[in-house]
Amino acid sequence: MTLPPRLGRRFVRAPLVAAAAMLLPTAASADFLVVSQNALHLGQGSKGVKNYVPKKNAFVRRLGRWPGNALPQVTFLQEVMKQAKEADVTPAGGAARFSALKGNSSYLERYGDLLVTDPPGRLAILCHVDTAALVSSGAKVQRPPEATLIADSSSGSAQRVWFLDYHATFGTGGPAARRDEIAEIGNIVRKLTGAVPTGCPETSPAAVIVGDWNMDASDESIARLAANAGFARLAFTPNVKTSLNAKGKLTSPYDHFVWDDARVQVTLAALPAQTACGTRIAVVAGVLKPTSSPAFRKNCSDHVGIAAVVKVR
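Numbering-wise, the working numbering puts 134 at position 119 of the sequence shown, and it's gapless, one number per residue.
Hints are supplied without guarantee of correctness; some may be wrong.
Here are the simulated distance ranges between beta carbons [unchecked claim]:
hint, residue 1, residue 2, range
1, Ala-147, Glu-101, 19 to 27 Å
2, Ala-173, Ser-152, 33 to 41 Å
3, Gly-214, Lys-264, 40 to 48 Å
4, Pro-309, Val-211, 42 to 50 Å
Cross-link-like lysine-lysine pairs, in silico, BS3-like; alpha carbons within 27 Å at most [stated by the list, open to error]:
hint, residue 1, residue 2
5, Lys-65, Lys-97
6, Lys-313, Lys-264
7, Lys-97, Lys-117
8, Lys-262, Lys-313
9, Lys-155, Lys-117
10, Lys-62, Lys-304
11, Lys-100, Lys-65
12, Lys-62, Lys-264
13, Lys-304, Lys-256
14, Lys-313, Lys-117
15, Lys-65, Lys-264
16, Lys-264, Lys-304
17, Lys-70, Lys-304
18, Lys-304, Lys-262
19, Lys-313, Lys-70
20, Lys-326, Lys-206
21, Lys-206, Lys-155
22, Lys-62, Lys-313
23, Lys-65, Lys-313
24, Lys-262, Lys-65
25, Lys-206, Lys-117
26, Lys-70, Lys-100
Think of the hints as simulated: they come from the structure by calculation, not from any bench. Even glycine gets a Cβ: it sits at the ideal position worked out from N, Cα and C.
All chains should be modelled from the sequences, with the hints used to inform the complete structure.
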């Protein structure tokens, strides 16, 4: 029998910064596993690393169906390049989808999502939305999030929640531009949850933004996002170092789940170790923990991914 992941929860609420932890011992009390990973130019090679592309593809496939996880799983990817192919990263028994190329310069990348609906019938993707059309007039978002409406039926009746896969601008305009862009994501959420988007059968008031923010989650821009989105209780997790420098040292807290805790419960996951990227990798307190961070950096990515179990309230 496959055992469910062990879980630990920590979140931060505005306006007060606070932390809490709890355990959810069984899969029956949770809904589905969500993983986010900046895949560092997925589909492109790395100079001096033999078989870099196929080995990274193998990592992404296993990332999308984490060994030992008993829950349905959705995985969101950032930095998916035009060379990447969906078939190369499709997890066993699952599906893969890439967005259109995004960017406002010669540098373009895509978002990706991987879906595994095992046990079957519990989880479904209802639609995808390119949120570029939802950006406010005069605002700039370098790579508008790809929004995915998910229906979870584990409680007997379908509960719907939006996920916005997001990779924040980094170099262009510096921190000031990044703060304004992050705040604008809140306006996108408000529009997405307030009216049924074209091509979708419905919408939902529940939304989670996940990805590589290139920003500490305690930054004021996240609070601005929450205000623009109309969140009743801002929450975010994790807020620990997830980016890696060239030597594989953890440097900055950049990868987060951000959500309204009044509508969604997000619980950090713990998952058993697997072998990939030239090392062993487990999920501890919601963060991928390679035994060798230099090996992970060399063979797979300059970010360690994050993972949580999500339940719509």
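Evaluated hints:
1. As the Cβ distance of Ala-147 to Glu-101 is approximately 21 Å, the hint placing it in 19 to 27 Å holds.
2. Between Ala-173 and Ser-152 the CB atoms are about 35 Å apart, so this pair conforms to the stated range of 33 to 41 Å.
3. Between Gly-214 and Lys-264 the beta carbon distance is about 43 Å. The supplied range of 40 to 48 Å therefore holds.
4. A C-beta distance of roughly 47 Å is found between Pro-309 and Val-211, which places it inside the suggested range of 42 to 50 Å.
5. The straight-line distance between the Cα atoms of Lys-65 and Lys-97 is roughly 21 Å, inside the 27 Å bound, and the hint therefore holds.
6. The suggested pairing of Lys-313 with Lys-264 holds, with an alpha-carbon distance near 11 Å, which does not exceed 27 Å.
7. Only pairs whose Cα atoms come within 27 Å are accepted, and Lys-97 paired with Lys-117 is accepted, the gap being roughly 10 Å.
8. For a cut-off of 27 Å, the pair hint linking Lys-262 to Lys-313 stands: about 8 Å separates their Cα positions.
9. Restraint check: the Cα-Cα separation between Lys-155 and Lys-117 comes to about 13 Å, which is no more than 27 Å; the hinted pair holds.
10. Among the hinted pairs, Lys-62 with Lys-304 is consistent with the structure: their alpha-carbon atoms are about 25 Å apart, no more than 27 Å.
11. The straight-line distance between the Cα atoms of Lys-100 and Lys-65 is roughly 19 Å, inside the 27 Å bound, and the hint therefore holds.
12. Straight-line distance between C-alpha atoms of Lys-62 and Lys-264 comes to about 20 Å, which keeps the hinted pair within the 27 Å bound.
13. Our distance criterion of 27 Å between C-alpha atoms is met by Lys-304 and Lys-256, whose separation comes to about 11 Å.
14. Between Lys-313 and Lys-117, the direct Cα distance comes to roughly 26 Å. Compliance with the 27 Å bound is thereby established for this hinted pair.
15. Taking the CA atoms of Lys-65 and Lys-264, the gap is near 22 Å; set against the 27 Å cutoff, the hint holds.
16. A threshold of 27 Å between alpha carbons decides the hint, and for Lys-264 with Lys-304 the separation of about 12 Å falls inside it, so the pair holds.
17. Distance hint between Lys-70 and Lys-304 is fulfilled; the C-alpha atoms sit about 18 Å from each other, no more than 27 Å.
18. Proximity of Lys-304 to Lys-262 is assessed by CA-CA distance (about 16 Å); at most 27 Å being required, the pair is judged to hold.
19. As the CA atoms of Lys-313 and Lys-70 are separated by approximately 11 Å, the hinted pair is consistent with the 27 Å bound.
20. For a cut-off of 27 Å, the pair hint linking Lys-326 to Lys-206 stands: about 22 Å separates their Cα positions.
21. The suggested pairing of Lys-206 with Lys-155 holds, with an alpha-carbon distance near 16 Å, which does not exceed 27 Å.
22. Proximity of Lys-62 to Lys-313 is assessed by CA-CA distance (about 10 Å); at most 27 Å being required, the pair is judged to hold.
23. Pair hint Lys-65 plus Lys-313 holds up; C-alpha atoms about 11 Å apart against a cutoff of 27 Å.
24. The hinted pair formed by Lys-262 and Lys-65 meets the criterion: a straight-line CA distance of about 18 Å does not exceed 27 Å.
25. Between Lys-206 and Lys-117 the CA atoms are separated by roughly 20 Å; this keeps the pair inside 27 Å, and the hint holds.
26. The suggested pairing of Lys-70 with Lys-100 holds, with an alpha-carbon distance near 14 Å, which does not exceed 27 Å.
The earlier numbered hints are all upheld by this structure, with none contradicted.
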